[in-house]
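There are 2 protein chains.
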Amino acid sequence: MTAPLHYAVIFTSLRRTASEDGYAETAARMEELARAQPGFLGIESARGEDGLGITVSYWESLDAIAAWGRHAEHLLAQQSGREKWYQIYSLRVCSVMQLREFRRPCAEGSS
Amino acid sequence: MTAPLHYAVIFTSLRRTASEDGYAETAARMEELARAQPGFLGIESARGEDGLGITVSYWESLDAIAAWGRHAEHLLAQQSGREKWYQIYSLRVCSVMQLREFRRPCAEGSS
Numbered sequence: 001m002t003a004p005l006h007y008a009v010i011f012t013s014l015r016r017t018a019s020e021d022g023y024a025e026t027a028a029r030m031e032e033l034a035r036a037q038p039g040f041l042g043i044e045s046a047r048g049e050d051g052l053g054i055t056v057s058y059w060e061s062l063d064a065i066a067a068w069g070r071h072a073e074h075l076l077a078q079q080s081g082r083e084k085w086y087q088i089y090s091l092r093v094c095s096v097m098q099l100r101e102f103r104r105p106c107a108e109g110s111s
Numbered sequence: 001m002t003a004p005l006h007y008a009v010i011f012t013s014l015r016r017t018a019s020e021d022g023y024a025e026t027a028a029r030m031e032e033l034a035r036a037q038p039g040f041l042g043i044e045s046a047r048g049e050d051g052l053g054i055t056v057s058y059w060e061s062l063d064a065i066a067a068w069g070r071h072a073e074h075l076l077a078q079q080s081g082r083e084k085w086y087q088i089y090s091l092r093v094c095s096v097m098q099l100r101e102f103r104r105p106c107a108e109g110s111s
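Keeping their order, the protein sequence lines are chains A and B. Residue numbers are given in my numbering: position 15 of the first sequence equals residue 15, and the series is strictly consecutive. Residue numbers are given in my numbering: position 36 of the second sequence equals residue 36, and the series is strictly consecutive.
Calculated from the structure, these hints are not laboratory results. Some hints here could point you the wrong way.
It does not matter which identical chain is used: a pair holds within one copy or between any two.
[Said to hold, decoys possible] Think about it this way: if two alpha-carbon atoms lie no more than 25 angstroms apart in a straight line, the pair counts; the simulated DMTMM-like pairs of lysine to aspartate or glutamate are:
| id | residue 1 | residue 2 |
| --- | --- | --- |
| 1 | Lys84 | Glu25 |
| 2 | Lys84 | Glu32 |
| 3 | Lys84 | Glu44 |
| 4 | Lys84 | Asp63 |
| 5 | Lys84 | Glu101 |
| 6 | Lys84 | Glu73 |
| 7 | Lys84 | Glu31 |
| 8 | Lys84 | Glu60 |
| 9 | Lys84 | Glu20 |
| 10 | Lys84 | Asp21 |
Only chain A is shown next, with the shape it has when bound in the complex (with noise of 0.2 angstroms):
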């Protein structure tokens, strides 16, 4: 097995109800949050019509994922979620072994 090219935090969720109470803001915060973390990649984020919200984090390291997951205003956030927010999330820390990317030729983009 070769080393990780790099790490992926999974975090899929089914939101409680759809009141709010301080929910968009807390969210943005904590990206805003996560992306000054030390090791901090990049981040993706996608909720459906259904209900199911899917966040991946992207880090350089396990110890990054960690630091920010003891990061004492991501732990009220996270508290927070358990309370008021969520029915139920997954959160999956990755070892991301093989990447492939695909970008359409700019020409292309519009044809």
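Starting from the known structure of chain A, arrange chain B on it as the hints suggest.
Just chain B now, with coordinates in the frame of chain A:
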């Protein structure tokens, strides 16, 4: 490093256009086919209003992921994806090293 719990494929994509041209049918067929593959564990998918789609599939082994990647009908769908549907995508094959799950107790579900 302990052994992976299981494996995940993270597929993030931006559609080229909103035009269908067989996209929805093919996406549904690929999910149906994936569920029938040896070693398949699960799949979760979300596409947000900004057009970013994230699909994560879970597998028992890297061999199962590789076999699904080489499936004849899947190869045709991949080709259509590059030719017709996607502006950009990334595919990451991951080893899942940690898993944390939260489920709200049933009695609290509607409180």
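So, going through the hints one by one against the coordinates:
1. Lys84 - Glu25: Intra 14 angstroms, inter 37 angstroms, cutoff 25 angstroms: intra-copy only.
2. Lys84 - Glu32: within (21 angstroms within a copy, 34 angstroms between copies)
3. Lys84 - Glu44: both (23 angstroms within a copy, 23 angstroms between copies)
4. Lys84 - Asp63: Neither: 28 angstroms inside a copy, 40 angstroms across copies.
5. Lys84 - Glu101: between (37 angstroms within a copy, 16 angstroms between copies)
6. Lys84 - Glu73: For Lys84 and Glu73, only the intra-copy Cα distance (16 angstroms) is at most 25 angstroms; the inter-copy one is 43 angstroms.
7. Lys84 - Glu31: within (19 angstroms within a copy, 32 angstroms between copies)
8. Lys84 - Glu60: neither (31 angstroms within a copy, 33 angstroms between copies)
9. Lys84 - Glu20: For Lys84 and Glu20, only the intra-copy Cα distance (9 angstroms) is at most 25 angstroms; the inter-copy one is 38 angstroms.
10. Lys84 - Asp21: This pair counts as within: shortest intra-copy Cα distance 8 angstroms, inter-copy 41 angstroms.
Violated hints, listed in ascending order, are 4 and 8; each of the other numbered hints is respected by the structure.
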